[in-house]
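Asker: Chain residues, written in single-letter form:
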Amino acid sequence: MNSSYSIKTNSQGRKVLIVKGIVPIDQLKEVTEDDFDMIYVEDTGQSHYELSYQLQNMSPFHSLKCHLKPCFLASTLKNRILNLAPIVDGFADKADDKAMYERANEIIDSLALIDTFDISEVKRNNYIYFLKLCKYAISRGMHTFTISLEEAYAQGHTSLFIAEQKNFSSNMKDEFIYYNHVMLELGYAKRKEFLERIHVCPHCKESHLFYMEACPKCDSSLLKEEPVLHHFRCANISPESSYAYDGDLRCPKCHQFLRHIGVDYDRPSNVYTCRECNHTFLHTRMKVYCSSCKKTFRPSDLLAIDIYNYEFTSEGILALSSNDAMVAVSKDIWAGYSNFESFLSQIRLFSYSRIKNEVIYINRFKVDGPHVNNEIVMRIVSDLQKRYHYNNISYKGKYIFMATKAPSDMSDALWKQMEEEHEETLKIIDLKYTGITLVEQDYLQQDENEKIDTFIKRISKFN
Amino acid sequence: MLDFFYDIIDGVIACFTRNLSWNALLHTYWFLFIIEFPRYYFLELVIAIWYKITYQQRKKAMEVAKMKLYIENPLITILAPGKNEGKHIYKLVKSLNEQTYRNYEIIIVDDGSDDATPMICRDLEKAGLIDLYLRSDIRGGKASAANYGVHYAKGKYIIHLDADSSLDRDAIEKILIPFYYDPKIKAVGGTVKVRNAEDSLCTSMQALEYLKTIQVGRMVTNELGIYHIISGAFGAFEKEKLIQIGMWDIGPGLDGDITQKIRKSGDKVYFAEDAICMTNVPTTWHALFKQRQRWSKSLIRFRLRKHFDILMPHKHFSILNWISNMENLLYDCFFNFMWFFYILTLIFMHTDRLMEIFIVGWMIRYCFSVVAFGVIMMISERASEEKKLVPYLFFSTFYTGYFLRITRLLAHTKELFFFSSYKDPWNPKKTSDLAQIEGI
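Just so you know, the protein sequences line up as chains A and B, in that order.
Positions in the first sequence are counted from 1; adding 10 to them yields this note's numbering.
Positions in the second sequence are counted from 1; adding 35 to them yields this note's numbering.
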């Protein structure tokens, strides 16, 4: 496939970057972000994968040079983009299509009214990414998010926020759900209508689930289902196979032929037999296999998610067009760290994605010593974060707080393991930072039925 | 009015002072002395004494059998078929959890219940309290439900229970021991007692009756080798034998029928008087009347019609089976009709002395009942608790002497002449119609 590009100026003075094949735009030294206003991708016979790759290259969210810029494709590529359609602004038969230019003009005019981020801030963290998605939607006049249930998306439904993301991490989803909550609380968006309640994997929050019948005893799916026959005359009931006689049905008890259903016999039920353990049962047990995280659950463990259509309010459009919108609890969240106020809000976020039997644990460490300063503490925080993979961490005064989710009924072995890990960590910190002592002060555990607000109050007092 | 009562009292006094003679008594109460007393009182007393004398010897043999049972420790299947019995299942399962014999599986067969039974049973199955829950969406009758369970049973022995039964904690062990006492025993019946004896006069009378006719009556027939009915409420069967004889046939009265089938096949049946099962009995006279009508009809249908061959000479003729069936037919059916004519004779021949005859008859019967109760006390494992039923002996003449006799009489007449058991809604019409065509 020949790859090339060209820049043409249209009748309205807009500069169009015409792309053929795969062109790494951000890496082209001779092209700067000011050299083009919009992009048009021609059909050079590229496959779906090649096209996807190119669209990632010029993503309005990730590409430095194509940031939020209008993007159009040749009409013939329509069937090849599949789930990336939401980040394409339209299709045109040729590069100088009049309708395409009109649409591009609308977007460019809208973008002029929106404060964009500094180019270096592109996808610095999830929060910025979320805001960019909002800005993208506003610039396109997409004030209503019409969500539909789609099997092509791992989450089970389309959403402005996840359209171009294939590998959304579980934490990122939690965060985005949380931002949606905040947007609703702040009045930036409102729910338009309830669409559906879907069930997703409680572990990875994805919807690509297989529902399988299984043996209630050994959980195997190798089952045999067979109807049972009731012979009225002699009251015999047994599986159909026991009646099989040279192509006819003959009662194994009285040896009479069964001729007429409802008169001689009926089929009162079906019985399953497990081929693995030979257990017989009437009702199979359902199990759910998540194709993404490869874990198996019971249907009752699945996470129910209500899907709504949302719409931006005028206040939301105004706020999100500027860079002052405060949808996130803090702009300083990175790698799990946040200031203490944000930390508490993040705890609330945890509770949205808690699965059954899980509670939140807070560990508090005291940092002490003659050489304590902010920079050192932040390095320690970073080390702790890497070591424990804690979901959230914060620092206030002389204390470092770490939050994680774990089952409420942790075994003694697990407790012991955790304690040993703590001791080892404290030793390492002690060796690494001279003049600094780190001591595990105490921990706080959420009660299984405790509301998150009550728990947050306890943490505040804890401090 | 008062004069009338004074006349009766005078008559009764005269009967005991001036007119009393053995001849006169025998002449008037011949039915009581010749038919009832030898069979239901004298014979039972003799056998009970024999039972007590041989108790230690039998106990030793049973201890050995118990040891054999626990050495083999076979898996057994507890099978409870029924319709709309969900509310009783949990209690049943709890009583089974207390059993001394532990190697069992529980199969509940739901015969087309239209209440919350499926939900309850599925929950119990999920919780692991029952091993298998089977259901027919279309009601097929008790026999088919029981057969359905047998097909999926894994146990060597099958214990058939009514879902509203509960068991003494050693009942399963006790009902299994006879299989190891004599290998020719292929089915064992347990003792059924009344759990709701204190609910009403009706249930108290049934409690007395069950003690007399089941615990003592069946012990006597068992000792004589003519035991002929293993209660559906609590019976154990060797699974292989059960399948060999074609399991249960269409009822009502399928418990008596299956016992006959086992006896006919040449094997022994046994009554374990110490394997105790408690069950709820009808609390109203009307409900009791309907239940007994159903039970009584099965005597004609099965013993007189279906298993009539037992009474006739044939290749596998057994004198014990002949006596068993004949005794049953004579005492429960033929003598019942005879009693009817006996009463008619009394009414027409002694119209002027009817009240005296009735009161003296009651007194004689009361004395017999006291003897019978003494026998119960000798045999029962709960004698001290059952003493409280003594006051109800006062009513036993009316209950067993009149109510049950009239109920049986009506049922036998209906069945003899109108085949009414085939119209009983206890069984689905589709099966009863075919059973009638086939004459089973």
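No wet-lab data here; the hints were simulated from the structure.
Quick caveat, the model's predicted, so the values are computed rather than measured.
Careful, some of the hints might be misleading.
[Said to hold, decoys possible] In the PhoX-like style, the derived pairs of lysine-lysine whose C-alpha atoms are separated by at most 25 Å in a straight line are:
1) Lys303/B to Lys325/B
2) Lys263/A to Lys161/B
3) Lys297/A to Lys341/B
4) Lys376/A to Lys467/A
5) Lys191/B to Lys103/B
6) Lys94/B to Lys247/B
7) Lys189/B to Lys234/A
8) Lys189/B to Lys263/A
9) Lys161/B to Lys227/A
10) Lys191/B to Lys219/B
11) Lys276/B to Lys263/A
12) Lys350/B to Lys263/A
13) Lys464/B to Lys263/A
14) Lys227/A to Lys101/B
15) Lys263/A to Lys303/B
16) Lys161/B to Lys305/A
17) Lys263/A to Lys449/B
18) Lys227/A to Lys126/B
19) Lys247/B to Lys263/A
20) Lys304/A to Lys227/A
21) Lys341/B to Lys464/B
22) Lys465/B to Lys247/B
23) Lys423/B to Lys464/B
24) Lys422/B to Lys263/A
25) Lys263/A to Lys299/B
26) Lys341/B to Lys227/A
27) Lys227/A to Lys189/B
28) Lys30/A to Lys104/A
29) Lys234/A to Lys303/B
30) Lys263/A to Lys94/B
31) Lys303/B to Lys95/B
Asker: Taking the hints in turn, state whether each one holds.
Answerer: Quick rundown of the hints versus the structure:
Under the criterion of a C-alpha separation no larger than 25 Å, the hint pairing lysine 303/B with lysine 325/B is inconsistent with the structure, at around 32 Å. With a C-alpha separation of about 32 Å, the suggested pairing of lysine 263/A with lysine 161/B is violated against the 25 Å cut-off. Restraint check for lysine 297/A and lysine 341/B: the C-alpha separation of about 51 Å exceeds 25 Å, so the hint is violated. Proximity of lysine 376/A to lysine 467/A is assessed by CA-CA distance (about 21 Å); at most 25 Å being required, the pair is judged to hold.
With a C-alpha separation of about 15 Å, the suggested pair lysine 191/B and lysine 103/B falls inside the 25 Å cut-off, and the hint holds. The straight-line distance between the Cα atoms of lysine 94/B and lysine 247/B is roughly 23 Å, inside the 25 Å bound, and the hint therefore holds. About 18 Å separates the Cα atoms of lysine 189/B and lysine 234/A, which keeps this hinted pair within 25 Å; it holds. Between lysine 189/B and lysine 263/A the alpha-carbon distance is near 19 Å, which keeps this suggested pair within the 25 Å criterion.
Proposed proximity of lysine 161/B and lysine 227/A is supported: the alpha carbons are some 9 Å apart, at most 25 Å. Restraint check for lysine 191/B and lysine 219/B: the C-alpha separation of about 15 Å stays at or below 25 Å, so the hint holds. Taking the CA atoms of lysine 276/B and lysine 263/A, the gap is about 13 Å. The hint holds against a cut of 25 Å. A hinted pair counts as satisfied when its Cα atoms are at most 25 Å apart, and lysine 350/B with lysine 263/A qualifies at roughly 23 Å.
A threshold of 25 Å between alpha carbons decides the hint, and for lysine 464/B with lysine 263/A the separation of about 21 Å falls inside it, so the pair holds. For the proposed pair lysine 227/A and lysine 101/B, the alpha carbon gap of about 32 Å is over 25 Å, so the pair is violated. For the hint pairing lysine 263/A with lysine 303/B, the CA-to-CA distance comes to about 22 Å; that is within 25 Å, so the pair holds. As the CA atoms of lysine 161/B and lysine 305/A are separated by approximately 22 Å, the hinted pair is consistent with the 25 Å bound.
Proximity of lysine 263/A to lysine 449/B is assessed by CA-CA distance (about 31 Å); at most 25 Å being required, the pair is judged violated. Restraint check for lysine 227/A and lysine 126/B: satisfied, since their Cα atoms lie roughly 24 Å apart, inside the 25 Å limit. For the given pair, lysine 247/B sits about 37 Å from lysine 263/A by alpha-carbon distance, which is inconsistent with the 25 Å threshold. At roughly 21 Å between alpha-carbon atoms, lysine 304/A and lysine 227/A fall within 25 Å of each other, so this suggested pair holds.
A C-alpha spacing of about 19 Å is found between lysine 341/B and lysine 464/B, which places the hinted pair at or below 25 Å, so the restraint holds. Of the supplied pair hints, the one linking lysine 465/B and lysine 247/B is violated, its CA atoms being roughly 37 Å apart against a limit of 25 Å. Only pairs whose Cα atoms come within 25 Å are accepted, and lysine 423/B paired with lysine 464/B is rejected, the gap being roughly 43 Å. Simply put, lysine 422/B and lysine 263/A have alpha-carbon atoms about 48 Å apart, too far for the 25 Å limit, and the pair is violated.
Distance restraint check for lysine 263/A and lysine 299/B: the Cα-Cα separation of roughly 17 Å lies within the 25 Å cut-off, and the hinted pair is therefore satisfied. Using a Cα cut-off of 25 Å, the hinted pair lysine 341/B and lysine 227/A is violated, with the two alpha carbons roughly 43 Å apart. Taking the CA atoms of lysine 227/A and lysine 189/B, the gap is about 15 Å. The hint holds against a cut of 25 Å. Only pairs whose Cα atoms come within 25 Å are accepted, and lysine 30/A paired with lysine 104/A is accepted, the gap being roughly 13 Å.
With a C-alpha separation of about 39 Å, the suggested pair lysine 234/A and lysine 303/B falls outside the 25 Å cut-off, and the hint is violated. Of the supplied pair hints, the one linking lysine 263/A and lysine 94/B is violated, its CA atoms being roughly 39 Å apart against a limit of 25 Å. Among the hinted pairs, lysine 303/B with lysine 95/B is consistent with the structure: their alpha-carbon atoms are about 21 Å apart, no more than 25 Å.
Checked against the numbered hints given earlier, this structure breaks hints 1, 2, 3, 14, 17, 19, 22, 23, 24, 26, 29 and 30; the rest are met.
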